[in-house]
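> If you want the building blocks of each chain, they are given just below.
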Amino acid sequence: MSQTTTEIRLAGSGGQGLITAGIILAEAAIFDNKNVVQSQSYGPEARGGASRAEIIIADGPIFFPKATWVDIFLAMSQKACDQYSFDIKNEGIFIVDTTYVKQIPTSSAVAIPISSATREKFGKELFSNIVALGVICEVCKVVSAKALKAAISNRVPAGTEKINLEAFAFGQKLAKEALKNHNGAENEAIEADT
Amino acid sequence: MSQTTTEIRLAGSGGQGLITAGIILAEAAIFDNKNVVQSQSYGPEARGGASRAEIIIADGPIFFPKATWVDIFLAMSQKACDQYSFDIKNEGIFIVDTTYVKQIPTSSAVAIPISSATREKFGKELFSNIVALGVICEVCKVVSAKALKAAISNRVPAGTEKINLEAFAFGQKLAKEALKNHNGAENEAIEADT
Amino acid sequence: MTKKSTLPTETGSSEHPEITIFSDWCKSCGICVAFCPKEVLAMDENRKVFAKSPQNCIACHMCELRCPDFAINVKEVEKQPNLEEES
Amino acid sequence: MTKKSTLPTETGSSEHPEITIFSDWCKSCGICVAFCPKEVLAMDENRKVFAKSPQNCIACHMCELRCPDFAINVKEVEKQPNLEEES
Amino acid sequence: MISNSQLVNKYFRHNKKFPHIWCPGCGIGIILGNMLRAIDALALDKNDIAFVSGIGCTGRAPVYVDFNTLHTTHGRALPFATGLKLARPEMKVIVATGDGDATAIGGNHLIHACRRNIDITTIIFNNYIYGMTGGQYSPTTPHGDKAYTCKLGNIERPFNISQLVEAAGATFVGRTTSYHTLQLQNIIKKAILHKGFSVVEVITHCPTTYGRINKKGSAVDMLRWQKEVAVDKSRADKMDPKELEGKIITGVLMERELPEFCEQYDTIIEEAQNQQQGKSK
Amino acid sequence: MISNSQLVNKYFRHNKKFPHIWCPGCGIGIILGNMLRAIDALALDKNDIAFVSGIGCTGRAPVYVDFNTLHTTHGRALPFATGLKLARPEMKVIVATGDGDATAIGGNHLIHACRRNIDITTIIFNNYIYGMTGGQYSPTTPHGDKAYTCKLGNIERPFNISQLVEAAGATFVGRTTSYHTLQLQNIIKKAILHKGFSVVEVITHCPTTYGRINKKGSAVDMLRWQKEVAVDKSRADKMDPKELEGKIITGVLMERELPEFCEQYDTIIEEAQNQQQGKSK
Amino acid sequence: MSRKSSYQLMQGNEAVAEGALAAGVNFFAGYPITPSTEVAEILADRLPANGGKFIQMEDEIGSIAAIIGASIGGCKTLTATSGPGFSLMQENLGFACLAEIPLVIVNVMRGGPSTGMPTSPSQGDVMQSRWGTHGDHPIIVLTPATVEEAFQYTVKAVNLAEKYRNPVILLMDEVIAHMRARVSLPPASMVEKVNRVQPNMPPEWYLPYERSATGVAPMASFGDGYRYHVTGLVHDAKGYPTANPNECRDNIRGLFTKIERGFREICMVDYECMDDAEHAIVAYGSMVLSARSALEQLRESGCKVGLIKLGTLWPFPRFALEQYLPQLKTILVPELNMGQIYREVLRVNAGKAVIEKLNRVNGTLITPNEIVKTVKGLIR
Amino acid sequence: MSRKSSYQLMQGNEAVAEGALAAGVNFFAGYPITPSTEVAEILADRLPANGGKFIQMEDEIGSIAAIIGASIGGCKTLTATSGPGFSLMQENLGFACLAEIPLVIVNVMRGGPSTGMPTSPSQGDVMQSRWGTHGDHPIIVLTPATVEEAFQYTVKAVNLAEKYRNPVILLMDEVIAHMRARVSLPPASMVEKVNRVQPNMPPEWYLPYERSATGVAPMASFGDGYRYHVTGLVHDAKGYPTANPNECRDNIRGLFTKIERGFREICMVDYECMDDAEHAIVAYGSMVLSARSALEQLRESGCKVGLIKLGTLWPFPRFALEQYLPQLKTILVPELNMGQIYREVLRVNAGKAVIEKLNRVNGTLITPNEIVKTVKGLIR
Ligand SMILES: Cc1ncc(C[n+]2csc(CCOP(=O)(O)OP(=O)(O)O)c2C)c(N)n1
Ligand SMILES: Cc1ncc(C[n+]2csc(CCOP(=O)(O)OP(=O)(O)O)c2C)c(N)n1
Ligand code: SF4
Ligand code: SF4
Ligand code: SF4
Ligand code: SF4
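Protein chains in written order, with my numbering: chain A, 1 to 194; chain B, 1001 to 1194; chain C, 2001 to 2087; chain D, 3001 to 3087; chain E, 4001 to 4281; chain F, 5001 to 5281; chain G, 6001 to 6380; chain H, 7001 to 7380.
Possibly wrong hints are sitting among the right ones.
[To be verified] Pairs of lysine to any residue residues, derived as SDA-like cross-links and limited to a Cα-Cα distance of at most 20 Å, are as follows:
#1 Lys5046/F to Lys6238/G
#2 Lys5190/F to Asp5048/F
#3 Lys6357/G to Glu7260/H
#4 Lys5151/F to Lys4017/E
#5 Lys5195/F to Pro4158/E
#6 Lys5279/F to Ala6049/G
#7 Lys4146/E to Glu6204/G
#8 Lys4046/E to Ser7221/H
#9 Lys4017/E to Asp2024/C
#10 Lys5046/F to Glu6204/G
[What the hints assert, rightly or not] A short list of chain A residues far from chain H (calculated; beta carbon distances all over 10 Å):
#11 Ala29
#12 Lys34
#13 Lys66
#14 Ser85
#15 Asn90
[To be verified] Derived CB-CB ranges, DEER-like:
#16 His5143/F to Pro2037/C: 34 to 44 Å
#17 Lys5242/F to Pro7203/H: 37 to 47 Å
#18 Lys4195/E to Gly5217/F: 32 to 42 Å
#19 Asn7246/H to Ile6379/G: 46 to 56 Å
#20 Lys5233/F to Arg6261/G: 56 to 66 Å
#21 Arg4224/E to Thr1005/B: 47 to 57 Å
#22 Lys4227/E to His5143/F: 55 to 65 Å
#23 Arg4224/E to Ser1153/B: 35 to 45 Å
#24 Asp4240/E to Ser5234/F: 27 to 37 Å
#25 Pro5259/F to Lys4233/E: 21 to 31 Å
#26 Ser1153/B to Asp4240/E: 46 to 56 Å
#27 Ser1107/B to Pro7203/H: 27 to 37 Å
Hints listed in this document are in silico derivations from the structure and should not be mistaken for laboratory results. Glycine residues also receive a C-beta, built at the ideal position from the N, C-alpha and C atoms.
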C-alpha cells in the first residue's frame, strides 16, 4: 500500500448499502484531514445488479477518480468478487463476506461471514454495510475509528446512530477475531486515534 | 429585353392569384420549348399580404432563380407597385392594374383597369389573374398565346377551362385597346404562334 | 399604418348613432353588413362598407362586436347600448 | 444464466402436485409464501423459498401466477387446475 | 360598452401593426376583440396581464395588444405560461391557442395544465384546421371533412375538447362561438375570474382553408352556421339527445373548486421554511 | 393453464437474460407473466406479435420475450407502434408502458392513439411513480403522497387514466391490479381481441421507491393493499359513491365499437385507386 | 400523374415527393410545417393511390417515431419537416442511428433559430443535421441545388438509407423547395431502387446487428418470422442491451465503420471549371445557383475560378477539396448562414489556401454579383 | 445546509445544486433523467426552503419552456437533464437564444446516441451543445473537471446567462456528476452574483432588443410595468416580427456580436506546465483528470508536456491554442467521443502542429496510463 494514496473498492449487490459505506468511508477520511475522492459504478439503470463503490484516500491531490490498482477490496457477493478483483494489488488486502462469497480467489483473504453474523446479531442484514466498515477499520487502519464513527453518526438516519455504532463495533470485533486466526497474531484492540 | 433571358415579375396582394398566373406563364414557356424558372416570395406565414411571382424564361440554362433586372413587371396593388418596382430595367415593360394602382411611377406604363374590367365583364374579380395573362401575352409576346392557352387549360380547375380562356381573350382585347392608346399604333391581332 | 392616418369615411348626424368606418382596415368581409339587424350597412363598388341607412341604426353594436378588423365604430348619442339577444 | 443450469431444488412426491423452485431466479420477495392459501411454502435461512408442506398443495397456482420472477412451478398430477377466486 | 375606437386606443400597440395579418372575415379578430372587451369590463391593469400564445394564425394575436405579450413555439404556450405564472402568481395569465397548437402538438401540455389546476385562462380558437400552414386536418377536424392532407375525407375522429379537458382535471370549461360575441365576453370574464385552470373553447371559422375546401361559403355563411348549431347549455339540458345531434352546446359547461397550484406551492414554501428554521434552531 | 416452466420455455429468450433486472417483489414481472398467459390462451402466433415499450422499468419487459420486440424512447412507444401497426395491420401490436412513460412525457401520444382508435393494446403499468430514475412523482402519484422530488407531499392531482383515455376516444378501457392475476389475464385477452385502441391500466407496486418513501411496507404488503382496495365493476355498480371512496374499480370499464384506423385507411386506398383508375381511363 | 411531354414544370417539394414515389417510398408520417408542407400534401394524395400509407401525426416526435416503426415493419419511409420540427426529431433520430433504421428526413431549411423567418431561405441547419442529436453517431446528409436534383437526391437518399441501414437527411433550402423549373424526369422503371438486405438464414441464426463484410447487417422486417429485439440502448450483435465495454465499442464504432466503407459512394461532388482553377468557390444548395452564375461571369472576364459543388455535406467529402488544394490559392465559401461548411473547409485546408467566407442571414439570397465582386477582391 | 467544517464531501451534482443556490437561482423546472436527477431532487428540497420554486414538468420540452417563462418573469432559472432530454430541449433552446432569455441548462452527458448507456460516462454531446438547435446562433458552454469546479462553473454559468441575456449550457460528464470529493465552498456571501441589467428609462421608451454598448439590451421582467413583446420570430428592436432584411440581419448578427464582445470573459482556460512545453494535451471534463495524472508521470520522465484545460468549450477559445502553436510539436486530444473538440483543434491549428486524437466510446474512461503511452508514442 502506497504511503500517500490508498485505493479502496467495496463491491457487492444492489441493496447491500455499499455506496453508503463508501460515502461514510470518504467522509471519515475528510474528518481525518485527508484528501478523498469517492465514485461508484451503476449497473443498468435498474436495481438489484452488481454494485461497486471506490474510495481513493490520499495526503496530496487526487486526479483520476477511479481505482486503477486496488489496495483494499471488500467483496460481499460472489459475482462482485469474481468481477471486480482483477486489479487488486498483490500485496493488497482482500476481505470477503463468506455469507455470499463461497469461492474465495486467494488464500490470503480475510474471510468473515459479515452478513450472516449481522443477521444473527441484529436480526436483519440491514447493518451489514456498517459492520463491514468496522471490519475494514480494524483490518486496514486507513481511516481512524473516531472519524468513522463521526461519519456514521453524520450519515445514518436520525435516531439510528446508536445501533449503527454498535454495528460498527461489532464489525471491529469480528475482524479482530478473524485476524487472530488469519495472522496468527493478536491485533491491538485500542482505537487508532490520530 | 435580352434575346435569351426574360425576367418577369407579377406582384399584387394575397388573393389575386398571381402565383397561379406565374405558374401558367412558366408552363406556357415550356410548351414553347423554352427553359424556365419560377419562384415566389411569401409574406409572413399568413395570408393577405403582398405577393410576388417571378418567372425567368430563357433559351439556354438558367442558374440564379430570382429576377435581378426585371424585363416585364405587372403590378396589381399599390403596395406591390411601390415595393417591387425598384429593379425594373429602364427599357422594361411596366403594366399596372389601375383598379388598385392609383399612383403610377412611370408614364411609360401600360395602364389597364384589369380588376374592375374583369368584375364588370365576369361579375367577379376571380379571373383577373387570367385576364392579366391575356394582357401580358398581348403586350410582350414573350410566350405564345397558344402555349398560354394550353397552360391555362392544364392548370385551372376542371370545368372552368372555357371561362378562363374567355378571360384570357378578354385580357388580350383590353391590352390591344390600351396599346392603341399607349403607342398610338395598332398592334397585330393575330396570335403569335411559334 | 397608424390610427391617425385612417380617415373615417362616414359619420351620421347627431340624431342617430354615429357610425365610423376605418376603410383602410376594412377587409370587405361583409360580416357587419350581413348581421346588422336593421340593414344599416352596405358595400360600395370598391367593396368597402358604408352606412347606407344610418338613420335606422339602433346602436346594437353587433357590427362592432363582430368586425374582425376593428374597422367599424358606432357611437350612440347619449344612449345606453341596446344589446340584442344573440342565440 | 440459461435455464438448463438452474437446478430445481425440491420436488414433491407423486401424490400431491409437484412444486419446483428455481432458486437462482428467486429473489426472496416472499409473495408466493404470503399468498399461498394453504401455507405450503416457506423461506429457508438463506431467504430462498422451499415447499415446507407440499402435501397441502391444492394446485391453485397462485404462487406461480404471482411470482414476479417465474421462479416457482406447480405441476399437478393428472388433475385440472383449481383456480381460486381472487377478489 | 367600450367602442372599437376606444378599444384600439386603449389596448392596441400604436405602431405599424395594422391592419392585422388575418384574412378577410377570419374569426380570430372577432375573438380577440371580445376578449379585450371582457378584460376591459373587469378593469384589469394592463401591467398585470400576460398574454401568451403558440404558433399559428391564432398565435399572432398577442403582438397587437399592449400587454406583456409572449409568442412562444408551436404547442408550447402552456408550459411557458406555467413558468411565468409560477414566477409571478399575481399576474393574470391568458393563453391564446389554435386547435392544432392546443390539442395536436400541444395536447400533452394542455392535459397537464388541467391536471395541475394552475390559474391560467386558456382560450382555444377552434377553427377545425391548421390555418397558418394552409389547411391540413387537425385533431378537431370533423370525421369525413376535407383538408389538404385528407382530400378524400378525414378518417380520424375529432377530440371533444371540453370532455378531454374535464377528464384531465380542468376546473372551468366554457364553450361558445365567434358569432356569440356577448356570450364569449361573458364566459371569458368568468374564466379569468375563476381561480384555477380554465378553458374556453371558441368555435370559429377559417374561411380561407377549412371553409374553402369544405365548401362552407363565406365568413358570413360560416358565422350563420355557428348561430344555427349553437344551443345554450340551459336549453340543451332540457332537450333530448336526439335533438342535440349535430348541435354544439355553449355556455359554462363545468365549474368546480379545487386547490390551485401556485397557492398550494406557497404552502410548500411555508412548510419547507418552517422545517429549515426547525433545523437551524 | 400453462406453467411457469412452460411459459419460460415457450416465450422467453434463451440467452443470458435471467434473472431479470426488476427488484425483488416488483409487480412488473407478475404483469408480464400474466400477459404471456393471456397470449398463450389466445393461441396467437409469436411471429404475429409485436411487443413495444418505452423507457422505464416497465420498458425493459420486451427484451425478455420471444416476440418481435421494440424498446423505443421514453414516452414514444405509441407512435412507434402506430407506424408499425399501419405498416403491418395483420400483426397484433401490444404496448407496455409505465405511468410516466404513458401519461407524463407520452401523454400526447396516448390521447391521440385513443382518438385514432388504432388497433393497439396498451398495458399501462401504473406504480404511481418513476421507478427507473429512482422515485420521482409521476402524473399518477396520489395527492399528498411523497416522492423524491416532493418529500413534503405531492401538490399535484393525479390523472384518472381511465377517464382520460375514454374522453380521448379509446374504445376499450380495463383496469385491474397486479394482485388480481386471473382478472388481469382475462382483461388482457379481451383487450387483445377488441378491434380498436384498448387500454388496460394495471395498478402495481414499486416497493423500492414508492413503497419505501411512502412507508407502504413490503411487496407483499402492497399486494395486500391492492387486494383490499379493488372492487369489481359489477359490485361497484351496485355500491353507493360513499362506499367507493378510496376504492379502485376494476374490470372492463368501457367497451364500444367504432371504426378502426387501419381499416378506414384501407377504404382510402381503395377510393384513391378507384379515382386514379378513373383518371387514367 | 400522366406526363404530357418529356419536360414539365415542377416545384422542388413536388420533385421530392416524386422522387420518393419513384424510389419506392410507401410510408410517410409527418406534421405540416412551412416550407415543407407541399411534400406532405402531395404524398397524402399520391401514396394511397399507389397502395402506400400516409399518416399525419400529432407532432414531429410522433412523425419520426411512426416512420421508424413502419420501417421496422418493412416499409420504405420518409418524412418532411423544417427547422423547428427537425429540432424536435433529434431524439428519435438518434434512436434510428443507433438501431440502424433506414429512413429519410427531408428538412427544408428556413431562417432560424426558433420560428425565425418561416418563409425565407436559409442554410442554417447544416451543422445541426450532423450534430443535432446527443451522442456520437454518423449520418448522411445530401443537399440538392436544383429541382431536378431534388428528385435525384431524394431517390439517392432512399437508396442510401436502405443500403446502409441508416437515416439520411435531405437538406434543402427554401429556394429550391419552392422554385419551379423545367425538368425532365426519368420514367419510374429507369430509376434505380435499392432494397435493404434481408436475412436469408434460418431465424434462429439471425443476428440483427452482426455486420457483414460491407459493415451492414441484414435487416428483417417485423412479422416476417425473424423475431428479434430493437432498442435504443447500446446493444450486442443480437440486439440485446449490453454494458460490456468491448460490445459497446463494437456497437458504436461499427456505426462509423459502415459509413466510412461507403464514403466514396455516399459522397456526391461536382466540379466545374476546376481543371485549371487557381481559385475555387465551394458551394451547395441555392448557393450553387449563385455561384454558377458568378462563375460564368468570372470566367468570361478571364479569372481562373472553378466551382466545387457539394451534393453530400455529411460525411464531409474532404477529398473533394484535398485533391485541389495544391493548385488553389484562394477558396470562397458563400453560405446562407454564419459560416458552417466554412469551418469544415478550414479544417481540411489545414492552413494551405486562403479561405474566405461570404455569409448572409437576413432571409435573402447572396446574388451572383456579390460573389463575383468578392472573388475579384480575393484575387486582387 | 450547515457546514460542519470548511471541507466537506460533495457529489458533482450536489455541487451544481449548491452553485445554483449560491448564484441566486430561484426557479427550477425539470424532468428526471439519469445521471442528472440528483440536481432536481436536491433543488426540489432546497428551493422552497429558500423561497424559490421547483416544478416537475411533464417532459423536457415543458421544462425548458417553463424556465423561459419564469426567466421572463424575472427569476434566475436552471434546469438539469441528460442527452435524451437535452435533444428534446433543442427547439426551445433556439427560442431562448433568439429571444435572448437568460437561463442555464445542465446537461450531464451519458453514453449515446439514444438511450445509449444511461449510467456510463461520455463526452458525446459537445458538438450538439453548440449546434443542436436549428438556425445559426451563438451559445455559451462551460464544462467543469472537478466537483469544486462544478460549483464554480454553475455560478459562472448563471452569471454569464444574466450578463449576456443568453442561455448557457453546463456540460458535465457523468464521472464528475457522480463522483464525490473533498471540497471547500465559499460562503454564499462571497459568491459573485450578476443580475441582468434592468431598464431604467420610462416604459414608453423601452426597446427590449436595442443593444447597448455591451451588445446586450436591458431586460425588463413581465409585470414590472414594461409591457413588451417576446417572440421566436426574427424581430426588430421593439421585439416585433419583421421581414425587413436589415432588421433581420441586425437581429441575428447582434446575437453573435454580444458573445464576441464578451469572448475573453466567457472563455475559461487553464494552462499547466505549458511554459516550456513542446507537446500539449488539450482536455476538458473528466479527461482533465486523466491528463493531469498523466502529466505528472510524463514530466517525471522528462517529457516536455503541458496541459491546456478547456473550461469553456463554446465559443471555442481558439486563442488558448494559437498562442502556443509556435512552440508545440504535437497536440493530443483525448475525448470520450469519436473526436469532437479534436475537429476544432484541427481547424485552429491550420496545419501547424501534429494533432492526434485518443477516443473512447465504450462507457469507460481513458486512463492516465493510456495517455502517457500515447504521448510517449507521439514524441517517439
Ligand atoms: C414544431 C413546429 N411544427 C410545425 C409548425 C408549423 N405550424 C405552424 S402553425 C401550425 C398549425 C396551426 O394550426 P392551429 O394551431 O389550429 O392554428 P390556426 O393557424 O388555425 O389558428 C403548424 C403545424 C411549427 N411552427 N412548429
Ligand atoms: C427523454 C427522456 N427523459 C427522461 C428519461 C429518464 N427516465 C427514464 S424512465 C423514466 C420514468 C420512468 O417511470 P415510469 O414510466 O412510470 O416507469 P417505471 O420505471 O415506473 O416502470 C424517466 C423519467 C429518459 N430516459 N428520456
Ligand atoms: S365586418 Fe369589418 S372588415 Fe368586415 S366588412 Fe364590416 S367593417 Fe369591413
Ligand atoms: S414469489 Fe418468486 S421470487 Fe418471490 S419468493 Fe416466491 S419464488 Fe421467490
Ligand atoms: S388562414 Fe384561416 S385562420 Fe388563418 S387568418 Fe386566414 S382565415 Fe384566419
Ligand atoms: S424500481 Fe420499482 S418499478 Fe423499478 S424494478 Fe424496482 S420495484 Fe420495480
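> Hints first: check each against the structure and report whether it holds.
The hints, checked one at a time:
1. Lys5046/F to Lys6238/G: holds (18 Å)
2. Lys5190/F to Asp5048/F: holds (17 Å)
3. Lys6357/G to Glu7260/H: Judged against 20 Å, a Cα distance of about 18 Å means the pair holds.
4. Lys5151/F to Lys4017/E: Roughly 49 Å separates the two Cα atoms, so the pair is violated.
5. Lys5195/F to Pro4158/E: holds (19 Å)
6. Lys5279/F to Ala6049/G: holds (11 Å)
7. Lys4146/E to Glu6204/G: violated (48 Å)
8. Lys4046/E to Ser7221/H: Since the Cα atoms of Lys4046/E and Ser7221/H sit roughly 14 Å apart, the hinted pair holds (cutoff 20 Å).
9. Lys4017/E to Asp2024/C: holds (13 Å)
10. Lys5046/F to Glu6204/G: holds (14 Å)
11. Ala29: At roughly 8 Å from the nearest Cβ of chain H, Ala29/A sits no farther out than 10 Å, so the non-interface label is violated.
12. Lys34: It is violated; Lys34/A is separated from chain H by about 8 Å at its closest Cβ, not greater than 10 Å.
13. Lys66: Incorrect as stated: the minimum Cβ-Cβ distance to chain H is 6 Å, not above 10 Å.
14. Ser85: holds (17 Å)
15. Asn90: holds (18 Å)
16. His5143/F to Pro2037/C: 34 to 44 Å: Hint violated: Cβ distance 51 Å, outside 34 to 44 Å.
17. Lys5242/F to Pro7203/H: 37 to 47 Å: Distance hint for Lys5242/F, Pro7203/H is violated at roughly 56 Å.
18. Lys4195/E to Gly5217/F: 32 to 42 Å: Holds, since Lys4195/E and Gly5217/F (Cβ atoms, about 38 Å apart) stay within the stated range.
19. Asn7246/H to Ile6379/G: 46 to 56 Å: violated (29 Å)
20. Lys5233/F to Arg6261/G: 56 to 66 Å: holds (60 Å)
21. Arg4224/E to Thr1005/B: 47 to 57 Å: Once the Cβ atoms are compared, 52 Å apart, the range 47 to 57 Å for Thr1005/B and Arg4224/E holds.
22. Lys4227/E to His5143/F: 55 to 65 Å: violated (43 Å)
23. Arg4224/E to Ser1153/B: 35 to 45 Å: holds (36 Å)
24. Asp4240/E to Ser5234/F: 27 to 37 Å: Holds, since Asp4240/E and Ser5234/F (Cβ atoms, about 29 Å apart) stay within the stated range.
25. Pro5259/F to Lys4233/E: 21 to 31 Å: holds (30 Å)
26. Ser1153/B to Asp4240/E: 46 to 56 Å: Holds: the Cβ-Cβ distance is about 54 Å, inside 46 to 56 Å.
27. Ser1107/B to Pro7203/H: 27 to 37 Å: violated (49 Å)
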